[in-house]
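Take a look at the letters that make up each chain.
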Amino acid sequence: MPKLTIDGRSVEVPKGTTIIQAARQLGTDVPHYCWHPGLSIAGNCRICLVEVEGMPTLQIACNTQCSDNMVVRTASDKAKRGRADVMELLLINHPLDCPICDQAGECKLQEYSFRIGNDRSRFDFPKVHKPKHVKFSDKVMFDAERCILCTRCVRFMDEIAKSDELDISNRGDRNEISVKRGGELESPYQMNIIDVCPVGALTSQDFRFKSRVWFLESTHTVCSGCSRGCNVTAGARWNKMLRLIPRENAAVNKWWMCDEGRLTYTDVAAADRLGAPMVRKDGRLVEVSWDEALAAAAKGLAAAGDDLFALISARLTNEEIWLASKLCDALGTPHRDTKPRAFGKDDLLRTGDGNPNSAGARILGVAPGKGGAGLANFASQNLAGAALFGEDLDDRPEAIAALQKLAFVLVVDSRESETMRKAAHVVLPGLTAYEKDGSFTNVTGRVQRIAPCVRSPGDAWPDWKILGWLVAGNDRGARPKTCAEVFARMAAAVPEFSGMTHGMLGTAGLDVRSAAPAQGSV
Amino acid sequence: MSAVEFPRLLKGAPPIGKRQTLAEYEANGGYQALKKGLAQTPDEITKMVLDTGLRGRGGAGFPAGRKWTFVPKNTGKPVYLAVNGDESEPGCFKDRQIIERVPHLLVEGAILACRAIGANTAYVYIRGEYPIGIRCMEEAVDEARAAGYLGDNVMGSGWKCDVWIHSGAGAYICGEETGMLSSIEGGRGYPRIKPPFPAVEGLWRSPTIINNVETIANVPLIVRDGVADWKSSGDADTPGTRLVGVSGHVNRPCHIEIDPAKTTLREIIFDHAGGIWKGRHLKAVIPGGSSVPVLPNKPEALDVPFTYGAVKNAGSLAGAAGVIVMDETTCMVDALLNLMEFYHHESCGQCTPCREGTGWLEKLVHRIWAGQGRMEDVDLLDRVADTVGGAGAGKTICFLADSAVMPTKSFIKHFRADFEAAVRGGGSPVYLARKARIDRKHASHAVGAAH
Numbered sequence: 001m002p003k004l005t006i007d008g009r010s011v012e013v014p015k016g017t018t019i020i021q022a023a024r025q026l027g028t029d030v031p032h033y034c035w036h037p038g039l040s041i042a043g044n045c046r047i048c049l050v051e052v053e054g055m056p057t058l059q060i061a062c063n064t065q066c067s068d069n070m071v072v073r074t075a076s077d078k079a080k081r082g083r084a085d086v087m088e089l090l091l092i093n094h095p096l097d098c099p100i101c102d103q104a105g106e107c108k109l110q111e112y113s114f115r116i117g118n119d120r121s122r123f124d125f126p127k128v129h130k131p132k133h134v135k136f137s138d139k140v141m142f143d144a145e146r147c148i149l150c151t152r153c154v155r156f157m158d159e160i161a162k163s164d165e166l167d168i169s170n171r172g173d174r175n176e177i178s179v180k181r182g183g184e185l186e187s188p189y190q191m192n193i194i195d196v197c198p199v200g201a202l203t204s205q206d207f208r209f210k211s212r213v214w215f216l217e218s219t220h221t222v223c224s225g226c227s228r229g230c231n232v233t234a235g236a237r238w239n240k241m242l243r244l245i246p247r248e249n250a251a252v253n254k255w256w257m258c259d260e261g262r263l264t265y266t267d268v269a270a271a272d273r274l275g276a277p278m279v280r281k282d283g284r285l286v287e288v289s290w291d292e293a294l295a296a297a298a299k300g301l302a303a304a305g306d307d308l309f310a311l312i313s314a315r316l317t318n319e320e321i322w323l324a325s326k327l328c329d330a331l332g333t334p335h336r337d338t339k340p341r342a343f344g345k346d347d348l349l350r351t352g353d354g355n356p357n358s359a360g361a362r363i364l365g366v367a368p369g370k371g372g373a374g375l376a377n378f379a380s381q382n383l384a385g386a387a388l389f390g391e392d393l394d395d396r397p398e399a400i401a402a403l404q405k406l407a408f409v410l411v412v413d414s415r416e417s418e419t420m421r422k423a424a425h426v427v428l429p430g431l432t433a434y435e436k437d438g439s440f441t442n443v444t445g446r447v448q449r450i451a452p453c454v455r456s457p458g459d460a461w462p463d464w465k466i467l468g469w470l471v472a473g474n475d476r477g478a479r480p481k482t483c484a485e486v487f488a489r490m491a492a493a494v495p496e497f498s499g500m501t502h503g504m505l506g507t508a509g510l511d512v513r514s515a516a517p518a519q520g521s522v
Numbered sequence: 001m002s003a004v005e006f007p008r009l010l011k012g013a014p015p016i017g018k019r020q021t022l023a024e025y026e027a028n029g030g031y032q033a034l035k036k037g038l039a040q041t042p043d044e045i046t047k048m049v050l051d052t053g054l055r056g057r058g059g060a061g062f063p064a065g066r067k068w069t070f071v072p073k074n075t076g077k078p079v080y081l082a083v084n085g086d087e088s089e090p091g092c093f094k095d096r097q098i099i100e101r102v103p104h105l106l107v108e109g110a111i112l113a114c115r116a117i118g119a120n121t122a123y124v125y126i127r128g129e130y131p132i133g134i135r136c137m138e139e140a141v142d143e144a145r146a147a148g149y150l151g152d153n154v155m156g157s158g159w160k161c162d163v164w165i166h167s168g169a170g171a172y173i174c175g176e177e178t179g180m181l182s183s184i185e186g187g188r189g190y191p192r193i194k195p196p197f198p199a200v201e202g203l204w205r206s207p208t209i210i211n212n213v214e215t216i217a218n219v220p221l222i223v224r225d226g227v228a229d230w231k232s233s234g235d236a237d238t239p240g241t242r243l244v245g246v247s248g249h250v251n252r253p254c255h256i257e258i259d260p261a262k263t264t265l266r267e268i269i270f271d272h273a274g275g276i277w278k279g280r281h282l283k284a285v286i287p288g289g290s291s292v293p294v295l296p297n298k299p300e301a302l303d304v305p306f307t308y309g310a311v312k313n314a315g316s317l318a319g320a321a322g323v324i325v326m327d328e329t330t331c332m333v334d335a336l337l338n339l340m341e342f343y344h345h346e347s348c349g350q351c352t353p354c355r356e357g358t359g360w361l362e363k364l365v366h367r368i369w370a371g372q373g374r375m376e377d378v379d380l381l382d383r384v385a386d387t388v389g390g391a392g393a394g395k396t397i398c399f400l401a402d403s404a405v406m407p408t409k410s411f412i413k414h415f416r417a418d419f420e421a422a423v424r425g426g427g428s429p430v431y432l433a434r435k436a437r438i439d440r441k442h443a444s445h446a447v448g449a450a451h
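So the sequence lines, in the order shown, correspond to chains B and Y.
Counting from 1, one number per residue, gives the positions in the first sequence under this note's numbering.
Counting from 1, one number per residue, gives the positions in the second sequence under this note's numbering.
Just so you know, these hints were derived from the structure itself, not from any lab.
A virtual CB, placed ideally from N, CA and C, is assigned to each residue, including glycine.
Not one of these hints is a red herring.
Pairs of lysine to aspartate or glutamate residues, derived as EDC-like cross-links and limited to a Cα-Cα distance of at most 20 Å, are as follows:
(1) B/Lys80 with B/Glu53
(2) B/Lys127 with Y/Asp377
(3) B/Lys80 with Y/Asp386
(4) Y/Lys278 with Y/Asp327
(5) B/Lys345 with B/Asp158
(6) B/Lys78 with B/Asp29
(7) B/Lys127 with B/Glu176
(8) B/Lys281 with B/Glu416
(9) Y/Lys73 with Y/Asp43
(10) B/Lys78 with Y/Asp386
(11) Y/Lys409 with Y/Asp386
(12) Y/Lys36 with Y/Asp229
(13) B/Lys405 with B/Asp282
(14) Y/Lys312 with Y/Asp235
(15) Y/Lys194 with B/Glu51
(16) Y/Lys409 with Y/Asp334
(17) B/Lys127 with Y/Glu341
(18) Y/Lys409 with Y/Asp382
(19) B/Lys15 with Y/Glu201
(20) B/Lys139 with B/Glu184
(21) B/Lys180 with Y/Glu185
Output of the computed footprint for chain Y on chain B, the stretches with three or more beta carbons under 8 Å from beta carbons of chain Y:
(22) 34-45
(23) 84-96
(24) 118-126
(25) 164-178
The following label-pair restraints were derived from C-beta to C-beta distances:
(26) B/Thr5 with Y/Glu139: 58 to 66 Å
(27) Y/Phe70 with B/Thr5: 26 to 34 Å
(28) B/Lys180 with Y/His345: 23 to 31 Å
(29) B/Ala104 with Y/Phe70: 45 to 53 Å
With the rest of the complex left out, here is chain B (with noise of 0.2 Å):
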């Protein structure tokens, strides 16, 4: 174990530690644009230079090895003159376009300009020009003139979506990234470009000149498009969701997220949102108050009782499932399921289980019990009503059939369906998972906080108020008032979260209490 010495500052770390990585255990941080924690050195862009006791010359500290006794100098004027030097190449043929460049507030280059940097270049000639807007598919653009030649997208594209589709071509000050071969990028990971690159060169088609990201408003979430339960920050700007950017979590997702998942939060601004509960009244369902949506949901449902089966979302957070859960126990009814859903997978992050909250479903229990109907055989079962909570059947056409022989059928969700308009007889409108508060449990059995990055549309309710409500019935002090206080109770009752509170679980997550359904990996 190296100890040196850090700007005045003892660390003691690791053999094979790099001195911008013991910097970083200092809180400090050297300047770098081609080093990346997540991929291999290169080396090239000079930034991190460092100054080093006992060394002629500046090194750079991405790549030079802490041994023992170094003394390590990061603010010095020599390491600070190295750098300004550096910074001043960057610049001499990169555009000043900043005012109309989507990273602008994001960018590197302008974060060390501004800190390292002058504010004049003593280079007076014209510049460099290359390709300004170069299509690298539908999701990625690509303005080589702002390219900084890191290559931290060619060395994703190789070492962690291991899809070689990216390669420098030309040389010197003419080099240009290139997808290989003319084509376009392919990969379902090709997104996190956009992210590693620290200038504005490669830009998200979906967000580029939607905002300035200073304008935004940033949440940290969790991603639903699987049960990987990818770590997000959530932009959104007058009450929009704008884009999902994968945020750190060594213990999910690292520093990625799929491409699929990045666009999950379009589900947001769907045309087709429920804003308002609704009741079927002379075959047609028009919109009621919620009082009285609630009132025939829960006399539907006591009707129904334990002939009810109840199709109950594994799109829904852990505490939604657990009072779902009890709302079933309630009324007695054995004859529980989810849904399952496909996605993509892949060694990666993806999972194939469309499901956020898989893992969580199981763990609560929600699987046809003794002598209970399924989603497979429930039309067959001779049942007396159904509830669809997050779920509906829109691709199973025979079993929105078997739903319109039922005496009730209600309907939670957050969207429109077919079922929904052919079959229910109560629709109270939920929440997508970037409207509200809650937990998911993932694939390896990590219990994670979601958080709601915009406001709901109209007057739909968190499905976790919905099923508290409908669970305390006509006993007002059981309505949950805010979402912690439904996991808490969960956490009281399920030996997987015990102990766990929202806050505990933090922006990081924690492993559920018990062996973990340990299974896919990272």
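Please arrange chain Y on chain B, whose structure you already have, making use of the hints.
Chain Y alone, transformed into the frame defined by chain B:
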């Protein structure tokens, strides 16, 4: 004074244009060293090379035997020898003599080096612009393989060794040792960051020793004649002979093999190369290939032996022994522009200072050359050069940036008057005539302050 050559490497070599065949090489004592070497242990061969003090002939002058000892033991990975015959440095054409005329000497050296470092495979990387050399080497390797000097059972010893010829494709950077490794692997000729050093992780992430052609060609002589005999030429600083190429404004551009301790730069220019052409005077000389600092026509620069140490003390580097001679009519701005165009064109573009800086240097030199410079541009050029690199500056992964900076700074240091004359619109008649024929390519970026 008479020009004395010390042919050791080229002893018995056929004239230019002819390749020594296997039979001719064997008649000249060829492959006797290999026979001897096979009877020795690898460590014994390494020790002999170590004892001679043979220094790398690619330019850096690192002791070859010491480099061989850096190969880690028992890694479970194969060990490779990579022989650098890219010879891409402007002004250098010494390795070509070995490759084209005595290729078997190189083959035998490569086999012995493989034996010493524990390799079974050697790659000889040859400059793509040497098609004759590539053919000569391939023929030599085929002959050696047919004769049992290469293959699965070298000279019946049961030991396996093979040599493969790999052609370059015209990039200067592939002569940089790690850029060459990337090229051999089929990638872009990108130099690699160190650590890991090639001796630990080189070709295909396996231990690899990289030596220059001339370095390897010396190995059979060492093994055959012994340490003492080999060291009879040269001195403690630069033992052995050196192959030197002389080009430029001389009466007799040539390649020679000299005793570096007994031959001065002046003798190389005036005796071996027949002096300055057209009855003119010497103005400047670049002694080690285009990357090293230029020297002015001064006794303290010229009357020094051509050893690594002596040339360094004189203010330059013996480098890869490509002596470039310039006469009194040469405009040094003109000459520097030529070099800056080259380094800008050849920068691989990996490291920021080199990618951006070599272009800036060229633009500045060009502005001065085109008569559009300002007097302060001369100092600016000097300072920008410091920003980009310099001898041992270590600002970049490889030495290309430093190779552009060393000439820049030395040209200004010794010939500032030429730069100032160009700014004023004057200069030598040759330069002014050339400038008058300004070609469109130059005109297109000869612009002043734009934004």
